[in-house]
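J.: The listed protein sequences correspond, in order, to chains S and B. Just so we're on the same page, the numbering used here is the position in the first sequence counted from 1, plus 5. Just so we're on the same page, the numbering used here is the position in the second sequence counted from 1, plus 89.
Think of the hints as simulated: they come from the structure by calculation, not from any bench. Possibly wrong hints are sitting among the right ones.
Ranges of calculated distance between the beta carbons of each label pair, as one might list FRET restraints [as the list claims (entries may be wrong)]:
1) Ile-41(S) / Val-554(B): 39 to 49 Å
2) Tyr-573(S) / Cys-446(B): 20 to 30 Å
3) Ser-258(B) / Ser-183(S): 56 to 66 Å
Here a beta-carbon is modelled for each residue, glycine too, at the ideal position from N, C-alpha and C.
Letter by letter, the chains look like this.
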Amino acid sequence: MADKIILILLLAPFAGLFLGWINRYIRNIYYTLLSIGALIFLFYVKGNYNFEFNFLNFKFYFVFDSISFFFLLIIWGISLAIFLFSLPQLKEKSDNIYYFLISFLFSITSFLTLSRDIISFFFLWELMSIITFLITVMNKNSKDAAIKYFSFSLAGAYSMLIGIILLYNKIGVVDFTSIANSISNLSRGSSILIFSLIIINFFIKGAVIPFYVWLPDLHGKAECKFSVFLSSVLLKFSILGIVLLYFYIFKQDIFYAVKITAGYLASITFLVMSFIAVFQKSAKRLLAYSSIANISYAITAILLGGVAGFYGGMFHILNHTIFKGLLFIVVAGVVFRTGTDNLDELGGLIKRMPISFVAMLIAIIAATGVPPMNGFVSKWMIYSSLFNNHAYLAMIFLFISSTVSFLYVYRLIHGIFLGQIQEKHLKIKEVPIFMLIPIIVLTLLTMFLGYFPGYGLNIVKDIALKLNIGVLDYTTHTVTIANSRVDTFFIGALFMSLFIISFIIFIILSKSRRVSQYDNYNAGQVLTPEQKYHYTENFYKPFERTVIYWKIFDFNNLYAKLSEWIEYIFDWLRKIYSGSLQWYITVILLFMIVLFYILF
Amino acid sequence: MVAINNYPLYLILTPLSVAFFLFMFKSYLKKVIGVLSFLTLLFNSGIALYVFKLIQNKPIMVKLANFLPPIGINLYVTGFNSLLVLIASIVGVFVSLYSLYYIKEGDKSRYYILLLLFFVGINGILLTGDIFNFFVFFEILTISAFALVGIGNKKLSIEAGFKYLIQGSLGSLFILVGIGLIYSQVGTLNFADISIKIKEIDISMKYLIGIFFIVGLGIESALFPLNFWLPDAHSMAPSSISAILSGLAINAGLYGLLIISYIIFPDVRILFNIIFLLGIITMLMGEFLAFRQDNYKRMLAFSSTGQMGLVVISLFSGSITLFIAGLFQLFNHIFAKVLLFLSGGYILKNEKDYNSCRLNGAFYRYPIASTGIIVGALSLLGIPLTLGFYSKINIILGFSSINKVWIIILILLASLFEGFYFVRIIKRLFIRENLEKNFKIPFLINIIFILLILFLIVGGIYPYVGNISKYSKEFLDSTKILSEVLNG
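Extracted from the complex, chain S is given alone in its bound form (with noise of 0.2 Å):
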């Protein structure tokens, strides 16, 4: 039975490849019923089973459990919402190739999920790494961003492989229950060997300081729908890395120091990412590095934050998943409407977006971890589990990180929809109802998790439980960490009711006259239609002449001296092909009498 599934996942993206040859439509709906299929079909197995299977001469081990439920859950919702999202872009000339990559890399990483055995997970890591790159690769715009993703990609999934050659070498099994038994026997120096061997590799692809640089410019300028799927669900992969690898096998029996550095390593990420996000211009760069910050808090609670920073982080992974797919999705109606991702040249939009307005709002106010959303109760514990770990750097990190999202949320926001709409703007209409299917469910989840979060807090027990971490104290709307109780039911009633008994004075009381938008006056002097009123460049500018020292911690450039280096020496080297004859039977004949040399 499982075996066919199997093979139904993975052909199931090249019947698609066929039906595009007939019609996109059907190719497009056939792809979306296919994540509704794999969605039902996902609650419907819930429970445990391995099945093991011969593939290239190797075995492989795949188990599906909570670890892959929560995952392959994240995949497939997205995956429904990518492909319900991409219904009204089909009028545009679209790629088959294109689709049934994306529809490949869905199965890749679903098995992805699944594997419990070294070489079943390299071979489907690198798999996803090449479909990734590949079609980001054909994108217009994000070819150089595509080469600079898989150099990372590459170089983490070979020090990964060095990590779990070195751990099969030493312990000779490939499934990750029987290293796991026998993780004891390895000494400490090995341990901490492989370890960071492996988790270079997850940094890599959580995007990671001193790693983070090929992800804001990936996300940034591949495709829109892409940019859903990169963020919500292929920086999600880091997580399920270091969960099997911290939890799974070495069971968080690792030495203090390696696990420390790695915490705050993550922890200093989400400091300077926050701070880079307020600066950018593109929305979706905006989003990338928000994201980089999202991860590494999660990070940084797994690693430090003890059981509720186990829950916490998983919880917020799941959150991110939810409201940053809704700012990528919004954004990408933006552009689809627009054209346009820069925040210099949109705003206003207010009007003409309402309910992408309203879906960005809720996701913002998830993102800043503001009550009543999803985005509170997951950073709450992250705050929590860190204070009770005593990991208070880290903690204060988090404050002013989350202090300055505020600035970048806003930014976003308000150079979207607030302020004055540009003149070519003024015919933009809401997106069609298939955008909106999957803004508004996305924006109810966010709002259903902020009041009960319990419900998700479900899912990552089951994780928990699993790998023997521990339980935490929650009901369906209350989460308590160590004495200190939040009824995000209560709350999300108490911010509700302000909520609308200010909108009802609001209402009431207001004298407001509504006005054109070129009615306006400075200073006595009068503004023409060309000249508006909404500022959006260098909106930071005094905030990022205080703070210009975070350009310490831009990286780009030091991998561009690198990539310098490695060329001069390259160079270098090239000069002994002279394309001189007299050079070349030279070094032949000196070669023959080096050996001569070394064997008598």
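Given chain S, work out where chain B should sit, using these hints.
T.: Just chain B now, with coordinates in the frame of chain S:
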């Protein structure tokens, strides 16, 4: 036990006699000369397949003029070399079919005659049972290769051919000295006989013979300080010739090195270690230098040396699993590199510029050829779902099982740079520039690309090991097998 029949002999005789025939009647056959050589090579691959089928039961020996081996000349066919012959013949079919469309100007008859002689050389090297004939066939192979490199009649290609000629001749000279030394020591030229008698000679003599063969064959098999001819020859030759130079000629050199090492000095670890070390340096240098090339074919040429280095270290590591993995890597390299040279070469020849920037936007003009470039590049890189993954992961696991992790690190370092430059090529294919088609790729050529792509992908999903491990074991015990030649 060996079976005695004459089928393998046709593998050498057919192309040889057709080549002579074409040479004599070339003025009458101008129109059909390409088709005739294609049919010859097709026929040849049919025989190769038949021989490969016969070999499943027991090795075949061909004795010429009814003299028994130590005195007479013989061909000795085992599973190992018949497999290589089969692959060479298939590549020959592809390349000759490709040439029908690719070679448009110049003296076609000369090209096809040399091409047939090239395959005489390859098949001879792979099948022969005595060392002097090995040398003769080696000369046939290299001399036809020199001429084929220079066939473009351009200044640069003639220069490249000349450089190849000088260095190749130097190599041949060393091989001849080595053969002379062997003959002076053991008084025989038959591999089987040598393998028995060589055990008694002095170790320092073995060193001496070993040095001559390592340098002589190292030049042909592109080991690092000896491979200076290669980038020039590969980049200046017509693409079809680059493909067989890279896919077959250097592998013939490697086969020579392999058979000499396992027959003459199977027990001298230091010579094996020297070859092993050369392999590592070759691998690193090849990939590092390919990283800095803009010329597509020159880049592939350096990549070939890098891949040969990887193959050499796995074949000469002395472990059977690594040997099999190395063979797979060899097959992968043959097919992937042939695919890369043929597909990229066809596009670039018609663009009249071999700088890789001419590949810009090729995916939108020539999707099949470009898919060929992508699959070939990914397979060389060892990406999952291609044959390259299977071979590379097995090489890595093999080195892990003999506890040589530092070699794995070097292999992965080389692969990393390989990844960088192949990714750059793939990126070029998707740049939307010069989108108007200047020429069409003929249907049959697309069929070649599709077959090669399918081979790499099917090999990556279902790598058929079959009897290859058996053949490899046989080969590694060649002394024992060869003694059968004398008895039976």
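J.: Now tell me, hint by hint, if it's right for this structure.
T.: Hints, one by one, checked against the model:
1. Ile-41(S) / Val-554(B): 39 to 49 Å: holds (41 Å)
2. Tyr-573(S) / Cys-446(B): 20 to 30 Å: With Cβ atoms ~22 Å apart, the hint holds.
3. Ser-258(B) / Ser-183(S): 56 to 66 Å: Roughly 57 Å apart at Cβ, these two residues keep to the hinted range, so it holds.
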